[in-house]
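Participant: Sequence:
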Amino acid sequence: MSLFVGRGTPRSLYDVVSEASSAVVIREYSSSFGLASRLLAEPVRTQVRNVYALVRVADEIVDNPDPTLAREARATMLDWLEDDVRHALRTGYSGNLVVHAFARTAIAVGIEDDVVAPFFSSMRTDLDTTRHTPESFERYVYGSAEVVGLMCLRAFLAAPDAPPDRGHQYDRLAPGARRLGAAFQKLNFVRDLSDDHDVLRRDYFPGLDVEAFCDRDRDLILDDIDADLRAAAAVVPDLPPSSRRAVRAAHATFAELATRLRAASADEIRRTRVRVPTAVKLRLAVGAIHGGRS
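At position 28 of the sequence shown (counting the first as 1) the number is 28 in the working numbering, and the numbers step up by one without a gap.
Source of the hints: derived by calculation from the structure; they are not laboratory data.
C-beta: ideal position from N, C-alpha, C; glycine also.
Treat each hint with caution, since some may be false.
[Stated by the list, open to error] Computed spacing ranges between beta-carbons, pair by pair: (1) Y14 x V280: 37 to 43 Å; (2) R90 x R283: 19 to 25 Å; (3) D114 x A227: 22 to 28 Å.
Turn these sequences into a full structure, and let the hints guide you.
Facilitator: Below, the structure is given as structure tokens:
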């Protein structure tokens, strides 16, 4: 267990700047997440942004397509990042603004090594693995996406409006949080099928021949994603009010992307990056605000 030195220390100017830096990362890298996160109440909004900013930095290390950045250099950077995170979880401080913000959140909400270690393990997999088996795919999705859902769930349940039996609630809601993270990751794999295969030389879906990708392949993958989305939707009404609307908006956006991918031909998915227009995202966000249990 982390020592969590510094728990409860006053928020300093450095803390404020670190959290502002994480907000910039999210704003520039993810318009969909940035929009949904605005529906989170504070302090959950800042905490979830701090989690996602660290995820984006790690992703950038392994996914930057610059061919001059050698595998060894990426591996060293990822090792440094993981070591810095572990140090910050023990001390409460880091010289890296994004890591510092993440550590503040982890200490505050109870994110520990049981989810941090699998995340970095999956990131490290991207340095060497080009094709996945069913087993390695399952491990990868868990470490790269499902644990991120679990980290966010820790923040949701640490909110002032969360029920007092937070340990019980976490165990009950964790499967849904994992399934929402898995759906998001798999949707990205479908949407980025060409870039992953042609640029990064990675084929994530086990047994899929990307060169022969067809409508049947698309439908089989999306059927699996739809099952994840249904399982996630079942637990959204039980989230605290401070996070419920934002998760509902994110879920609606993922479901809309799945619908648009199913409507696109396999050839179109291979040639273009299917997106949800900003106007549609805004409409879905409004629906999340006014729909269901508030």
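Participant: Find the hints from earlier in the document that the structure breaks and name them by number, from lowest to highest.
Facilitator: 2
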